[in-house]
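K.L.:
Given next are the chains, with one letter for each unit.
Protein chains: 2
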Amino acid sequence: MKAIILGADGYIGWPMAMKMANEYGEVAVVDNYVTRKLVADVGGTSALPIGKDLKQRAENFSKHFPGKKIYVEEGDLRSPSFVEAVVKKYKPEVIVHLAQQRSAPYSQVSAIHALYTQTNNVATNLNVIYAMKKHTPKGHLLKMGTMGEYGTPNIVIEEGNMEIEYKGRKDKVMAPRAPGSFYHLSKVFDTYNVAFANRIWSMRATDVMQGVVYGTRTEEMIDEGLRTRLDIDAIWGTVINKYCAQLIAWNKLLIYGKGLMTRGFLSLQDSINCLFLLAENPPEEGEYRVVNQLDKIYNTYQLAEIVQKIGAEMGYKSTFETIEDPRVEKQEHYYEVTHEILPRLGFAPKSTMEEQVRQMISDLAAYKKYWYRKRDRIKPNVYWKDTDNAASLKSKWLLKHTGKGYAEDFKVSE
Amino acid sequence: MKAIILGADGYIGWPMAMKMANEYGEVAVVDNYVTRKLVADVGGTSALPIGKDLKQRAENFSKHFPGKKIYVEEGDLRSPSFVEAVVKKYKPEVIVHLAQQRSAPYSQVSAIHALYTQTNNVATNLNVIYAMKKHTPKGHLLKMGTMGEYGTPNIVIEEGNMEIEYKGRKDKVMAPRAPGSFYHLSKVFDTYNVAFANRIWSMRATDVMQGVVYGTRTEEMIDEGLRTRLDIDAIWGTVINKYCAQLIAWNKLLIYGKGLMTRGFLSLQDSINCLFLLAENPPEEGEYRVVNQLDKIYNTYQLAEIVQKIGAEMGYKSTFETIEDPRVEKQEHYYEVTHEILPRLGFAPKSTMEEQVRQMISDLAAYKKYWYRKRDRIKPNVYWKDTDNAASLKSKWLLKHTGKGYAEDFKVSE
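Top line first, the protein sequences correspond to chains X and V.
Its first residue numbered 5, the first sequence is counted upward by one per residue in our numbering.
Its first residue numbered 5, the second sequence is counted upward by one per residue in our numbering.
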């Protein structure tokens with residue numbers, strides 16, 4: 005098998021599965037639907053319908069792409085034996101690893117949410133590393149990280165190691181990490197683990213530091229039933245998605261503070277194209293390659309302006325409302341990022357943010373009945389300063405089904 | 005309560021418990037004896053007897069130090085509710101956090117050992133952070149890290165952040181980390197988590213980057229029954245301890261490669277004194293303080309020479325045998341470390357390495373019957389290049405008792 009995609013039920017995972025199945029004729033995918041469960045657990049939902057499970061989605065895909073096949077494996081990647089069995093079965097040339105708890109606010113809800121996020125992400129990534137070393141040692145691990153690993157340093161964010169001079173001596177060091185949530189921290193941990201696996205086992209890996217992804221469409225979505233999930237609530241949604249939903253729900257965009265927090269962005273289609281390009285152009289045997297994957301840099305105020313403008317063109321008037329930033333982050337800062345590897349491989353963005361935002365608003369409007377009744381969930385409900393945001397977010401499923409082995413009640417002596 | 009010590013059944017934990025109980029009149033301690041179980045699980049044992057459990061050790065301590073009390077809590081710090089209950093009960097001014105899987109070779113045995121090490125260490129540390137924030141928000145977290153977090157950079161290892169200039173811009177960044185095992189990686193993860201808790205919650209913390217500790221004695225060991233554990237096997241022992249045991253067992257010291265791997269060292273008594281000094285001189289409210297805790301720097305060949313020389317004086321002749329380094333590490337490298345905070349607080353080493361080595365050889369000789377039959381375990385049996393060293397290290401207990409929730413068998417489709 006050419007490729008396995010881990011986390012294929014997710015926002016990026018599903019379009020990636022379709023892309024690879026379309027290009028290669030077949031692909032194997034893995035998920036345990038935990039994102040669906042965790043989203044529902046805190047009162048969220050995908051704003052667009054996505055079908056019952058991956059088997060149904062895969063069948064539907066094959067109907068629209070005759071002769072192309074998506075093989076589905078359902079299971080928990082925290083289990084080393086499961087991961088080993090999957091990798092051994094397919095011995096893929098590339099594993100696209102997107103299977104992580106990927107929400108910063110979720111990781112900040114409470115102790116148990118932080119614990120779940122970090123142990124889940126570290127465990128799944130570690131299991132993948134070991135399974136690849138054993139069963140496809142020359143395979144390419146294409147791992148999803150985040151630009152959020154770097155935080156907002158006062159120096160340029162390099163792509164890979166940087167050579168520094170300090171007190172008259174030189175060294176090559178990892179570009180500094182200063183992540184902004186327990187989730188982002190977990191991704192830094194994964195990065196360190198992969199870099200180490202490269203050092204001791206010459207693991208061939210691409211570590212993708214990805215910007216914030218927005219948009220609802222990719223080329224393979226030729227049928228309504230082939231859509232990917234879209235999260236618009238305060239916990240699972242990202243900034244542009246939330247603005248688009250706020251526009252429709254309230255004619256009002258909520259801006260954190262002055263909106264000068266600056267990040268890199270790219271569209272869903274561009275993200276898929278970049279990942280495919282990286283899969284097609286793997287690093288050398290034994291090479292560890294870090295890629296900063298983004299298109300353009302915006303601050304959150306500029307993004308609100310774009311959504312407001314496109315919204316107005318489509319008949320949605322809107323105002324801005326300034327609210328307190330629920331996160332702890334620098335409100336004004338320098339931000340410059342080196343991102344040269346993807347353009348060198350031929351990456352060029354397929355569309356403008358304006359076009360994508362127009363499509364998103366249109367899709368969200370068409371599926372309003374799926375998410376409108378949950379529109380109160382778009383308001384921030386997780387504050388970084390609090391250790392227990394769980395009062396309004398019961399997380400029953402999480403408490404019941406995860407953290408086994410950690411949740412036993414030990415007695416404290418009287 | 006002035007202090008809680010987490011991991012008090014360990015090599016440093018127990019003497020630290022005695023020191024604090026002696027100085028403060030009382031101390032609370034926590035352990036779940038997992039180190040005893042994991043050591044036995046791979047065929048090791050403490051070379052010195054340490055009593056049945058902490059309750060027995062605490063009783064024995066009070067017999068020899070009348071009026072001084074060690075309160076014992078037994079439980080697994082991976083459980084958030086247990087950690088919260090303990091911290092809530094005692095609301096300590098300082099928590100000395102020593103409760104970690106602390107063996108690099110153990111973490112490299114196999115996938116499950118790496119998984120256990122990283123999830124255990126991240127979970128316990130995260131639970132402590134949350135519990136302190138909730139129940140003793142101005143308390144001082146005195147957390148044990150390791151000099152191994154830094155690896156062997158080609159620049160000086162600073163104590164805390166360093167100001168760098170890069171492409172004409174300046175920033176303060178964490179001193180670079182390049183850890184050399186899945187265990188060392190887990191300690192880096194803990195460091196990032198504590199630094200983050202400081203950033204968002206103003207957590208008051210001291211992060212101790214400790215050198216390699218050697219020795220068998222501290223001032224409170226006025227009775228045989230008050231000894232601490234000593235590990236001399238290839239998995240759980242550290243270099244000087246292993247040399248001393250090899251001297252007695254085989255009259256032969258095993259040196260990895262050229263023995264030019266250079267590290268910082270300090271004696272057990274000095275480690276205890278340093279930790280107590282840091283507890284007595286906490287960082288400011290809201291301050292995150294990184295301390296490089298070591299006395300002197302040696303390479304592993306120099307250490308072998310010291311053990312050989314002292315051994316000869318005591319009647320033990322010995323030769324050197326060069327063996328392959330089981331680790332993946334730089335065989336020759338620059339090594340310079342800033343360590344100014346502890347001397348500034350008044351730290352001065354209490355004895356020479358020669359005196360400590362003499363005491364260690366003497367103690368190991370006196371208790372030879374406890375460990376001699378397991379002397380084959382002093383030879384390296386875990387190789388960094390291998391993903392499965394478990395063939396000779398069955399780890400039955402680990403497989404049975406840990407990783408619950410991860411070890412379920414998921415089916416891979418035919």
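The hints are simulated quantities; they were obtained by calculation from the structure and are not laboratory data.
From a predicted model like this one, the values you see are computed outputs, not experimental measurements.
One thing to keep in mind: the hints can contain errors.
Chain copies aren't distinguished; within one or between two, either way the pair holds.
Computed cross-link-like contacts, SDA-like style, restricted to lysine to any residue with a CA-CA straight-line distance of at most 25 Å [as the list claims (entries may be wrong)]:
| id | residue 1 | residue 2 |
| --- | --- | --- |
| 1 | K174 | T342 |
| 2 | K389 | I204 |
| 3 | K72 | Y320 |
| 4 | K92 | E289 |
| 5 | K171 | E344 |
| 6 | K138 | K398 |
| 7 | K378 | N158 |
| 8 | K378 | D367 |
| 9 | K398 | H139 |
| 10 | K92 | D392 |
| 11 | K334 | L264 |
| 12 | K262 | E340 |
| 13 | K176 | V160 |
| 14 | K262 | K300 |
| 15 | K372 | A253 |
| 16 | K389 | T156 |
| 17 | K171 | R293 |
| 18 | K176 | A352 |
| 19 | K67 | E288 |
| 20 | K174 | E344 |
| 21 | K56 | E169 |
| 22 | K138 | K404 |
| 23 | K95 | K400 |
| 24 | K256 | N385 |
| 25 | K67 | E340 |
| 26 | K41 | E291 |
| 27 | K373 | G29 |
K.L.:
State whether the alpha carbon distance between K372 and A253 is at most 25 Å within one copy, between copies, both, or neither.
P.N.:
Answer is within; shortest intra-copy Cα gap is 9 Å, inter-copy 76 Å.
K.L.:
Indicate which option fits the pair K389, T156 if close means a Cα-Cα distance not exceeding 25 Å: within, between, both or neither.
P.N.:
within (19 Å within a copy, 36 Å between copies)
K.L.:
Is the C-alpha distance from K138 to K398 at most 25 Å within one copy, between copies, in both cases, or in neither?
P.N.:
The answer is between: 19 Å across copies meets 25 Å, while 40 Å in one copy does not.
K.L.:
With 25 Å as the alpha-carbon cut-off, assign the pair K171 and R293 to within, between, both or neither.
P.N.:
For K171 and R293, the Cα distance is within 25 Å only across copies (22 Å; inside one copy 28 Å).
K.L.:
With identical chains treated as interchangeable, where does the CA-CA distance between K262 and E340 reach 25 Å or less: within a copy, between copies, both, or neither?
P.N.:
within (19 Å within a copy, 44 Å between copies)
K.L.:
Between K92 and E289, at a C-alpha cutoff of 25 Å, which is it: within one copy, between copies, both, or neither?
P.N.:
within (20 Å within a copy, 52 Å between copies)
K.L.:
What label fits K72 with Y320 when the C-alpha limit is 25 Å: within, between, both, or neither?
P.N.:
Result: close neither inside a copy nor across copies, 40 Å intra and 73 Å inter.
K.L.:
Tell me, please, which holds for K56 and E169 at an alpha-carbon limit of 25 Å: within, between, both or neither?
P.N.:
neither (55 Å within a copy, 53 Å between copies)
K.L.:
Give the relationship of K95 and K400 under a CA distance limit of 25 Å: within one copy only, between copies only, both, or neither.
P.N.:
Close neither inside one copy (37 Å) nor across copies (29 Å); limit 25 Å.
K.L.:
Evaluate K398 and H139 at a C-alpha cut-off of 25 Å and name the case that applies: within, between, both or neither.
P.N.:
between (41 Å within a copy, 21 Å between copies)
K.L.:
Given a CA cutoff of 25 Å, do K378 and D367 count as a within-copy pair, a between-copy pair, both, or neither?
P.N.:
within (17 Å within a copy, 69 Å between copies)
K.L.:
As a check of your reading, is K138 near K404 (CA-CA no more than 25 Å) within one copy, between copies, both or neither?
P.N.:
Between copies only: 23 Å across chains, 33 Å inside a chain, cut-off 25 Å.
In this structure, the hints that do not hold are numbers 3, 7, 18, 19, 21, 23, 25, 26, 27, in rising order.
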